[in-house]
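K.L.:
Put together the whole structure using the sequences plus the hints.
For reference, each letter of the sequence shown is one residue, going 313 to 627 in our numbering.
Derived by calculation from the structure, the hints in this document are not laboratory data. Be aware that one or more of the hints could be misleading.
[Stated by the list, open to error] So the derived label-pair ranges between C-beta atoms look like this: (1) S541 / T490: 20 to 28 Å; (2) T456 / T370: 50 to 58 Å; (3) G552 / Q510: 27 to 35 Å; (4) N578 / S536: 28 to 36 Å; (5) R371 / H480: 30 to 38 Å.
[Stated by the list, open to error] Below 20 Å or equal to it, Euclidean Cα-Cα: the simulated EDC-like pairs (lysine to aspartate or glutamate) are: (6) K489 / E590; (7) K572 / E509; (8) K489 / D549; (9) K489 / E560; (10) K587 / E560; (11) K587 / E554; (12) K572 / E554; (13) K587 / D613; (14) K572 / E625; (15) K489 / D407; (16) K489 / D448; (17) K489 / E554; (18) K587 / D551; (19) K489 / E474; (20) K572 / D514; (21) K355 / E625; (22) K572 / E378; (23) K587 / D549; (24) K572 / D549; (25) K572 / E606.
The structure displayed is predicted, hence computed values, not measured ones. Glycine included, every Cβ here is placed at the ideal spot set by N, Cα and C.
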Amino acid sequence: MPGRFVLTGSANVLVLPGLAESLAGRMGLLRLHPLAQCELHCKVSRFLDQLFGSGFPTRSVPRLGEALVNRVVGGGYPAALTRPRSHRRAAWYRDYIETLVQRDVRAFSRIRSLEALPRLLALAAGHTAQLINLSDLSVPFQLTRPTIQEYVTLLERVFLLERLPPWHTNRLSRLVKTPKLHMADTGLACAMLGIDEQSLRDNRLAFGPLLETFVLQEVRRLASWRPESISFFHFRDRDGAEVDIVLERGAASVAGLEVKASATVNAADFRGLRKLREATGPRFAGGAVLYDGETCASFGDGLYAVPIRALWENL
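P.N.:
As structure tokens, this is what we get:
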């Protein structure tokens, strides 16, 4: 009989071996991300509307400071966030990984070294927001690069890792074409690295990449609610100009985000965004340097310095 069914799970349904039918044309796919900050704090975000059109008004807001570190370490999994102490949240994340590996990964893959996956995930957490280097990821293991590639793909299929592809255009020839690797959630990443709030405050080298991943995942979650499709990329050329996150809204418009862990912004921080603007021409909708500062200000021609809290607060 005709009917409607909701099939939920923590793995990509399309790769499950027990699914006898493809259900092509009879199934809609909806990825449920961990919660965004605006969901956690019952706020409405206008960030993408401002980035792609209306712009960001000039104003001053308080710095987040330690509160931003707490949000990065906490992540977005509701069950973890119900635990008030950081060590209990970390324990939940580790148990989640163990269950996912032992059940879901085992269900759709005849992987030989199942015990290597949590170790690989911890190593990937230390490489989040970096260009994928399979040689570096394979160093601690007695496994070949193709096997590591297969394991990374498995971790993508259970939504623990993501590859951010490079943005490209025929107008620029010296682009880096290697994807970036990102953890799917910074709370998960911090738990795998054994990092709590205090250790992250003290380790600025670790904070920068984790903050970039935090912003990427926040914007992905905001984009998942919108009726139009938004694709995500990164931009880097061989001269060192880069944009951490490129958002492409169909063929109509492109926007860029650069993420800074500092409390100040200067004109040099917009180098990559200016290059992206030149490459996209009239398609360029806007660009922002997101930072943990106090001032939302225009840097001319659709470029803005924007406090990170604009992701979940209306500035």
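K.L.:
Can you let me know if the beta-carbon spacing of R371 and H480 is within 30 to 38 Å?
P.N.:
Between R371 and H480, where Cβ atoms are some 36 Å apart, the hint holds.
K.L.:
For the pair we were handed, K489 and E554, check the Cα-Cα distance against 20 Å.
P.N.:
It holds: about 12 Å lies between the C-alpha atoms, which stays within 20 Å.
K.L.:
Does 28 to 36 Å hold as the CB distance between N578 and S536, or does it fail?
P.N.:
For S536 against N578, whose Cβ atoms are near 33 Å apart, the range 28 to 36 Å holds.
K.L.:
Do the alpha carbons of K572 and E625 lie within 20 Å of each other, as the hint requires?
P.N.:
holds, 18 Å
K.L.:
Check the hint pairing K587 with E554 against an upper bound of 20 Å on the C-alpha distance.
P.N.:
holds, 8 Å
K.L.:
Please verify whether K489 and D549 have alpha carbons no more than 20 Å apart.
P.N.:
This hinted pair holds, its Cα atoms lying about 9 Å apart.
K.L.:
Would the hint linking K572 and D514 be met if the CA-CA limit is 20 Å?
P.N.:
This hinted pair holds, its Cα atoms lying about 17 Å apart.
K.L.:
For a C-alpha distance cap of 20 Å, please report whether K489 and E474 respect it.
P.N.:
holds, 16 Å
K.L.:
With a cut-off of 20 Å on the C-alpha distance, tell me whether K572 and E378 pass.
P.N.:
It holds: about 15 Å lies between the C-alpha atoms, which stays within 20 Å.
K.L.:
Please verify whether K587 and D551 have alpha carbons no more than 20 Å apart.
P.N.:
Distance of about 11 Å is within 20 Å: holds.
K.L.:
Given the hint that K587 pairs with D613, does the C-alpha gap stay at or below 20 Å?
P.N.:
Roughly 13 Å between the alpha carbons, so the hint for K587 and D613 holds.
K.L.:
Quickly compare the C-alpha distance for K572 and D549 to 20 Å and report which way the hint goes.
P.N.:
Since the Cα atoms of K572 and D549 sit roughly 19 Å apart, the hinted pair holds (cutoff 20 Å).
Checked against the numbered hints above, the structure violates only hint 15.
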